[in-house]
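Peer 1: Please build the complete structure, drawing on both the sequences and the hints.
From first to last, the protein sequence lines stand for chains E and C. Take the first sequence: its position 305, counted from the start at 1, is 305 in UniProt numbering, and no numbers get skipped. Take the second sequence: its position 278, counted from the start at 1, is 278 in UniProt numbering, and no numbers get skipped.
Simulated from the structure, these hints should not be mistaken for laboratory data. This structure is a prediction, so every number in the text was calculated from the model and none was measured. Mixed in with the good hints, there may be bad ones.
A pair holds if it fits inside one copy or across any two, identical chains being indistinguishable in the list.
[What the hints assert, rightly or not] In silico DSS-like cross-links for lysine-lysine, where the CA-CA straight-line distance does not exceed 30 Å:
{"#": "1", "residue 1": "K133", "residue 2": "K332"}
{"#": "2", "residue 1": "K401", "residue 2": "K248"}
{"#": "3", "residue 1": "K333", "residue 2": "K133"}
{"#": "4", "residue 1": "K18", "residue 2": "K333"}
{"#": "5", "residue 1": "K133", "residue 2": "K322"}
2 protein chains.
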Amino acid sequence: MSQIRIHSGLLIEPDGGKLVELFVDESQRDLKRKEALNLPKIKLTKIDVEWVHVLSEGWASPLKGFMRESEFLQTLHFNSIRLEDGSIVNMSVPIVLAIDDSQKNQIDGSSSVALVVDGNNPIAILSDIEIYKHNKEERIARTWGTTAPGLPYVDEAITHSGNWLIGGDLKVIEPVKYHDGLDSFRLSPSELRAEFTRRNADAVFAFQLRNPVHNGHALLMTDTRRRLLEMGYKNPVLLLHPLGGYTKEDDVPLHWRLKQHEKVLEDGVLDPETTVLSIFPSPMHYAGPTEVQWHAKARINAGANFYIVGRDPAGMSHPLEKRDLYDADHGKKVLSMAPGLERLNILPFKVAAYDKTKNGMAFFDPSRPQDFIFISGTKMRTLAKTKESPPDGFMCPGGWKVLVEYYDSLDQAENGGVSEPVPA
Amino acid sequence: MSQIRIHSGLLIEPDGGKLVELFVDESQRDLKRKEALNLPKIKLTKIDVEWVHVLSEGWASPLKGFMRESEFLQTLHFNSIRLEDGSIVNMSVPIVLAIDDSQKNQIDGSSSVALVVDGNNPIAILSDIEIYKHNKEERIARTWGTTAPGLPYVDEAITHSGNWLIGGDLKVIEPVKYHDGLDSFRLSPSELRAEFTRRNADAVFAFQLRNPVHNGHALLMTDTRRRLLEMGYKNPVLLLHPLGGYTKEDDVPLHWRLKQHEKVLEDGVLDPETTVLSIFPSPMHYAGPTEVQWHAKARINAGANFYIVGRDPAGMSHPLEKRDLYDADHGKKVLSMAPGLERLNILPFKVAAYDKTKNGMAFFDPSRPQDFIFISGTKMRTLAKTKESPPDGFMCPGGWKVLVEYYDSLDQAENGGVSEPVPA
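Peer 2: What follows is the structure, encoded as structure tokens:
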């Protein structure tokens, strides 16, 4: 698909007017690899590589690399960045690269550095670099609205990271691949745009998720397409877009989720003709109203002009207190007011629940609350773990089977059986 | 002055195009007082009254009262608010009114409340109210970039405040007065605009301060006027604008600072002809880069089109760690990028220090650092407390005498003498 160059006139413009891809020309790869050998080296973590991936494909357009201080400060304070022409793009989550004192000393006066993985293999060059202080406390407080210990991304990627940030222009020597059998699902924004164009989409609605799809989600997506048809669109296409980067340990791992999503399409709960299933390569912050802006903005760059926002998007429990970290309505509210997202149509999530009178998922009807059962993620996990069946019509049988298998595999691993990879 | 209605065509426009004053017409005052008697009552703290004052005079234009949730969320996440016409105004500090559960219950279904002081005296009515959750942790983290215990405003005004915020349209029954002998210095934005117009100012440069003025400050202000004259302005006027609301306990109290500022003008260190000394009624947050935007934005509303920003504006030491809470350069950087402040000319503070070769304050010359002495606020306070004299030329003798008197009065108070009021 990536070879097809199609005029994407019908699709929403990327932020900044142009999708910024940061790949080295194929003819220049060897040259750049040699160049990298002579540069100071920064060893990347798994999450750093995910950000290199995100940046290189233009999900964060018009960012040209890891943030310099002025971009970092605007992100923290304004959730948006002003471009040279005075226009504003949304940018709510810092995309930064941390280094420690000794790395900083090694870089010394060099204006470029090589970003390396697995020993010394360079995957990218960062040039015209700027090194500035990494005030972790301030970054965390302004991004998450709390500094409570136990935030998954903070524990994983910030707490033990260096006290400096390094920004600059990124050039990736070759596209990031994971060789986990799922790379074919990792369509870049440019590839997604080509695919939407190939399908003659005149509206693209994105659904961000990091959980299995149940029939309530499916109802919502099907209903959204119906509403878009009613609005006069001829061919609205769904971007079913599970997040594929870092997730916390008790989330269902990516490859199990993908299996489950494929079953949902096979079983016809979602229509494969009007659905593009692809992986969003970003790591997860669990930063609620701040992060949902990033999730929406990245999908503009991939061609989506409608975004479905749920209850408490990118939310989680407070790590210390017995409450949700964010007000469940703030994500939707903040998203609808966010600078730089004016062009995006926000579609608030209608609440679906199990309707006992219909033996299926339906939109909640507040006039007859007694007819509905809410099945929480926790409840769903408990059922799957204990191999109980959910009520008929909660999830297609094929999809449910995948979940039961996943929890089975966990039990086996706990009992010394085959261990399942969990994304770190 | 307040009676003079002058065309202020030369002055910068207020945010939103119009200065929003929230006073009840004089003819309606008795009516409104009677109306207030029948409304649920909210008892205001001293800081709440300061915010009523700020809002009523239009410093926060175009805000029409304490923030409703949509304004609060935009302030926390974007440091700016989008108006109905799509334009953006800066708003970085939440101006909110907290109530507790029992007050919320008393309000019940009423759409208006009376704001009262000293027992039951109503000073304002808040109408078309909206009550929403006061997530203190999130408010603090997003405003200060830390949740460390010991932030002065947080300890004073947030920690023990209620778990709800109440927003609405404010109408103040009569202008807020403090009867402390300083009310004549409290010019409203409208009065300041009239005064600048009366003086035929074609540029107004604001200097926010909460400390005594030494000759380094004076040099900076004098030099700014010189630069503005060079730029072609005919009559640049200085707004010398000490903050008059809540300050932390170890700051010099307002009435001593005013005395000191008056001496500086009497001694001719600053030119009274081109200086307007007035009080900015806002309480102090000590929120660094977030707060400096508020300090600048409010001065636009008072007619200032130039703003002098210093090193580490609105900063303080980290309450727990041995470092400044904010990077000393972030205030200036954030201010220069802040949404809604594009119209304001930011003048970065040049560093002044005591030049031993000139026996006076001068701009620091990095080519001969050995000639300069930096006299910190702490050093200045220590000298004044111990009645030592600072180097000649550091501060005018009249101004210095006021400081020594202030610290004398503290000693007396500590030894059981006359107690000096400290703003709470």
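Peer 1: Output the indices of the hints that this structure fails to meet, ascending.
Peer 2: Hints that this structure does not satisfy do not exist here, as all of them hold.
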